[in-house]
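**Q** Join these two chains into a complex; the hints should help.
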Amino acid sequence: MISWVVPYPTPEGKTHNQALDDLSKLLLAQGYEKDVPYCVECEMYVSLPEMMPVQKVFHVILDSDRPASCFLIPDKDQSISITAEKSMMGFLSKLSKIFKTSPGKTGNLEVRGQTFLYRDFCVRAGILSYGGVIKGVIVEAELRSCSILITAVELMKEFMSTFMPTPMDTVPSYISSKPNILGAMYSPLETIHQYYDIFASVRAGRSLVSR
Amino acid sequence: MPSCACRSLSIAALLPGLVGLSRGCGILMADTKRAELFQMEQMIQQVEAALNRQNIALKDYHTVIHNARDENYTAEEAAVEIQTALNNLESCLIEVDQKVADLPSSVSSLGLASFLSSCPPIGATTTGQGDGGTNAAASPYRSLYEELITTYSIHERGREYCSVILPHLSVHAHRKMGKPPKFHPNLPRPHEIYEDVSKKIDAIFRQQSASLSTLTFAVYDLPAAGVIVELVVDRIFRVALTIRGTAFVEGVNIRGSDENFNLEAKALRPIDLWTPSGYEVYRVLARNATEAVLHYHSPNEPERSLRGFLQWINSLATLFSSPCKRCGKYLDSGLPATWRDYKKLEAYHEACRVLTFTTT
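Sequence lines, in order, name chains F and H.
For the first sequence, our numbering gives the first residue as 59, with consecutive numbering after it.
For the second sequence, our numbering gives the first residue as 11, with consecutive numbering after it.
To be clear, the hints were calculated from the coordinates, so they are not data collected in a lab.
Glycine included, every Cβ here is placed at the ideal spot set by N, Cα and C.
Check each hint, because a few of them may be wrong.
[To be verified] A short, non-exhaustive set of chain F residues, derived as facing chain H with CB atoms under 10 Å: (1) K152; (2) Y176; (3) D178; (4) L201; (5) I206; (6) V211; (7) M214; (8) F217; (9) T220; (10) M222.
[Said to hold, decoys possible] The following label-pair restraints were derived from C-beta to C-beta distances: (11) P225/F / L304/H: 46 to 54 Å; (12) T73/F / A361/H: 37 to 45 Å; (13) V364/H / D133/F: 52 to 60 Å; (14) R297/H / I156/F: 51 to 59 Å.
Bound-form chain H, shown alone (with noise of 0.2 Å):
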């Protein structure tokens, strides 16, 4: 049942593009050819009529199990009523299969293919001819080149809708009566594909807030853009994170606290999320912390993964405040301690960092 309403569906989307090309080219051709257009014309109205009947049944399907289970018919009942409805939708179902089968074997009988191509190619005039005679000629072209265009567009559109169809037809196909429907396992849910990702991120990042004093976060669903999460750190600098899914960072970009990522909705300016700073010290920063990302990413403990780099960050938050652990300054030609260390997220310079993984 789900492929033919597969197929059904497909050629409901085909018919007017059809239609079309059959009276685009009814123009041009030949008497015999014309009349066998007319012939599939006609064809095709029977099987959008024999379609039309499918809907209603479908609907019927629907109203049965609706009726059903708000007037709590006992299971008899129920399965007697619905044992009916779906052998009329069977019927239907194989009428429009029987005439869609005929369709494309009529189709290639007409010998569209070879006919298109021997049509003049877009665009094309006559030389040499009066203003008359050219327009004459070209203006049933241009219908006929609109008309196959219009086909084509429709022809893909169907095909796109009958992949996005042909698995929500499969699983209605398995539900019954007072049980809940089982999903295919592989298969998101409908409504999974619009959930709001931003509000459980937004929750996320609200359970962590206690464990991290310094940051200040504002989590932004741009359409274009994703989940964007902007921490401001100690009113020191800006994070600006780029979420995929729930909890996986995709992308970090470090700037300081006066350079802004225009994230607000009332911002006029354009969002500038990849900029790098104009500060060196975050510049390095930023690097870091795609370093890091990469460190704390774990793909099967995606929300562990962000705490961790979440701790991370906070640590950044004495970046000018605390003295470097290997040689205990503050400035290393002109840079503080940028990095912080994973486990103990102890600070260091960049020069430092490296003498110590050489040295333990």
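The following block holds chain F by itself, in its conformation from the complex (with noise of 0.2 Å):
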């Protein structure tokens, strides 16, 4: 289940709605079969400055696909972000006289888009929106047999230069920089970082890298 999220670099001319078109109308050309529709929410908590003295910051991230379950992220230190159930949610909205939400989610990322298989791969290609303004095209490829990164490295950047408009020469930067989740045994909570990842740079106003 080991995947690689990576932005996808929008042509000029184009809009991100007609890249991420084209992206698809190849992906069905190639064989791919249309699934189901997805999508990946970020959600932002500060802490109230009259209950804690230091600001402390997390991020709950949402994933369609995981539906039971629920990612909390710090902003300082990733190291020691939690995969929750579902229900963790309602026990956040309890904490809501210390932890604030921006409301009507307007500080909010989200990727919405399509999923397509191919075999025993998973291709997920969407739109990024940061407080409902379109920042850009993500994709995600997923090779669900493998669950060890290092053996599939170059597999992966074979594949993703199947369907991508340049070829990839380097792993995703979440993954470049934790060396040690190269042999360890996968976890959705990778895919996770990976797009907390991108959000973070966007949230600090920096625009998506294309590779």
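**A** Shown next as structure tokens:
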């Protein structure tokens, strides 16, 4: 179930929606089958200054492909991120006096798109929007039959080169920054971290770097 | 002697059945037949007594041998004691034989076969009669049928035991003092039937594990399914091998690392060996593995064939990390190089393998 999450470089003169449509058509032409739509949301929780002297921030990420889980990633130290049950959201709503979230989902990041299946591969392509503003196209490529990253690095590069406009030379930045996960059993939390990596750069105002 | 002992054992198994049958039949038959049956019952009891005497004689024979061995008798003393015991045993067996020889003719003279064929079928009830009448008529039939069924099952069991005991009795008949017994070459020794085959297979795998660096194995001995070895290849996928005898691979299935076979004893779910994998690459691998089992199969050298097959499985650890030898790519229509050459263990895609075969 190893996944690589990368931004898709939108060509000059095209909108992000058009780029997504082109990618979808390319995948369907290569023999992929359309599957269910998907959505990955990221909500930020900030501690209230009167409750905590030092401000604490954490992010809650929900993935429609893991409907029974929610993922909590702190802002400062990402090594203590948590995979929790969905009922954690109910628990967080009870902490509204301590942690507040931006009203009306204005500060939320969201990736919404379509899943495509081919043999043991799964490609998810969606539009990334921040507070309702479209920021880019995100592609997630998953090899469902393998759980060890290091055994399939070259294979994944070759696979992504079949639909990405530019060949993949390196692994996603999150994976290269954490060499210990290369040899470990892959978990869905690593995929969520890759999404978070992209969300953090968008929140910081950096543009999505194309590969 | 073995054939007499065999027959005596079968008669011993039959005795309770025959006694039951005679009692059951006695309820319904005429007086003359009843008298004949009574006589037969007496004969059977005499046979039973003779068999008991024979049993005692056999035990004496065994005791004599053990005593001779334990107390270090000289050869002459031991020979005399054994000769006495053997003579005693032989006379008992002859007695049993004589008594038993009369039984089949007396049984057939009763005309039991014709009597039984004239019995009403099981479950039949008379119609148009009062309840008291039918009940009185039905109950003797019921006890007769129950006894008949018991007799039949005892007879069948007796026949089965005799066929198992005969080879062992023929072995003990040849046993001599002070020398190891010469077993019949084609028959398995009794203790070999119950040998711990899984321990032997475990030892074979441990020996070969040094050269198979990517395999982690576990041997399971399941009463219903035999010996199953589960290999985990480099944590990527699992292989389940069903082994027959010591080293013959009977079947193989390959599934992903997250698809459990549930072979551990504490797993509550049922063991699932043969469901194909949910991933296409492992379904193709399972087919190739079955082909490899047949390729490496060698009836005269099972350990060598197992070793070759395990080396082949070991080479599959580079399933996702080695490109195809022929085309140089990792993927061919979505699948990695799933076949390994049987001699050089080089990686090929399914399509590239066919082309290599046809061009070389």
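**Q** Which of the numbered hints above does this structure break?
**A** When the structure is compared with the hints, numbers 1, 10, 11 turn out to be violated.
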